[in-house]
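Trainee: Next come the chains, spelled out residue by residue.
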Amino acid sequence: MTSHPRLFSPYDEPMWSSIAAREMRLQRCAGCSAFRYPPGPACPRCLGVEASWEPIAGSGRVLSWTTFHRQYLSAYPPPHSVVAVKLDEGPIMIGSVKPEHVAALAVDRAVRMVYVAHPDGYLLPAFEPA
Amino acid sequence: MPADSCGASLHKVAAVTGIAHTDWIEDYRRVRAGDKPFDSYGYGALAFSRAMADAGISRSDIDGLIVGPTTAYERMGEVLDLNPRWGDQADAVTAVAKACMAIATGMAEVVALVYGNDQRSAAIQYGGPEAMGGDAFLSYVYHSPWGLTSQGALYALMFRRYMALTGTQERDLGQVSVAQRAWASRNPHALMQKRITLDDYLAAPYIAEPLHLFDYCLINDGGVALIVAEASRARAIATKSGKPLVFVDGIGRADLNREATSLGPRLLEFYRPAQHLAARQVYEMAGVGPEDVDALLVYDSFSCHILFALEGFGYCGEGEAGSFIARTGIGPGGQLPVNTGGGHLSESYMQGWNHQIEAVRQIRGEGGDRQVPDCRHVHYVSDVAGKVVSLMYGA
Ligand SMILES: [Zn+2]
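If you read the sequences in order, they're chains A and B.
Using our numbering, you'd call the opening residue of the first sequence number 1 and step up by one each time.
Using our numbering, you'd call the opening residue of the second sequence number 1 and step up by one each time.
These are computed hints drawn from the structure, not numbers from a lab.
There are no misleading hints in this set.
Lysine to any residue pairs mimicking SDA-like chemistry, simulated, CA-CA at most 25 Å apart: (1) Lys86(A) x Gly167(B); (2) Lys98(A) x Glu170(B); (3) Lys86(A) x Gly264(B); (4) Lys98(A) x Leu213(B); (5) Lys86(A) x Arg258(B); (6) Lys86(A) x Ala260(B); (7) Lys86(A) x Gly319(B); (8) Lys86(A) x Arg272(B); (9) Lys86(A) x Ala136(B); (10) Lys86(A) x Lys98(A); (11) Lys86(A) x Glu269(B); (12) Lys86(A) x Leu268(B); (13) Lys86(A) x Leu267(B); (14) Lys86(A) x Thr261(B); (15) Lys86(A) x Leu165(B); (16) Lys86(A) x Phe137(B); (17) Lys98(A) x Thr261(B).
When you get a sec, could you build the whole thing from the sequences and use the hints?
Mentor: Laid out in structure tokens, this is it:
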């Protein structure tokens, strides 16, 4: 059991800690106030390196979604669905969506973030219709 | 804009004088039987020998080497026993562009482009947290905690949104797989030659919905090589070999890196801004437009690339690709032949390299049963994760 999945950069760790605490935070640029995702060393907008970790509202709108009908990972027997959401703070992020919510998905549909358990022991952001 | 000042400096600077590939069908049969006849270097070496024979040249004529992304440049150079004065490593379309740039600047005159891939026998992973390409394209691996690991799923997200915004249906997309299989049925080198119908397409299982099985490329081992030479050298080579010259008439490129991992350019823009820039460059340098193109070849890891390429490169309006295909026809006998060899979906997944030699074959008139009549301009479009590169080949 782990508290987070593989980290792709040192900047990922605070984000996964905030997810584990069920209050997801993202870096917010001290210079231009832009939120960024995935976490990274500098603000893509202004290249500023100073940032604070701010909670996000967890609300956003659906951009798209897909359902896997083939098993690629042991944690996800098919059918398994994911949704791409444009967060109200700006960034786009991927989240899981439960099978019973897939039929309600539509482009621009409002969704809210919830937290679900991954079999490996960490919490994951997911989305459901708002 | 830089796009305006790119000029015509690479127009017909270089020509393809030799092409070759390994026996993809036999490679596929042996690998599926559990055999491992060659590694990536071996496939590359076989294709390289055949490309030299096609051009009628020997290794002493070659002073440049560009190898594909699947092999190390230095080791391939050793395997081929080449000591070039200029070298590089690149994907298919970028390799052709780099060869032209090296030739234009005098860094090389005759460049061998060599690709080998043992992806099937080596069980290369294109999905999962350790997926191939993840270090360059973080989007390939970053969403793996949610099970979004395959490039097919990224295109499924893209196509789902495109469907919602344009009203395009799955059966509109299915036209691509049906047409390319029809081309492949006329191609003796294609792995999948059995024709399919739209009903077959729709009846095949979803992989990442809304994409079906036939929207996905093949995975197979093999090799491809090309010889690209400076124009006057190319003429001398062609005079001896008797093979028609095929020039690189135009090159265009534009990349979208901003917010690539969170899929911004993919989902919000369908990569169109980069396609428009690359289109303007390639058409201006070549001096031709989409109306002059005799065949269009598109990097097709997934069938939906074709729809996005048709729209992004000005063959039809945005959201109109489905009806354009139905009206125009992209298969044999159609008004705009697309992926005339069968492409990655049906011929061979040589990561864009098979498209380059198909372009040359069509302009040479070596297309056999799939020859496009009076083929003078072949347009190639590659769009891998927002890196849009395009070539125009000309007689
Ligand atoms: Zn900033």
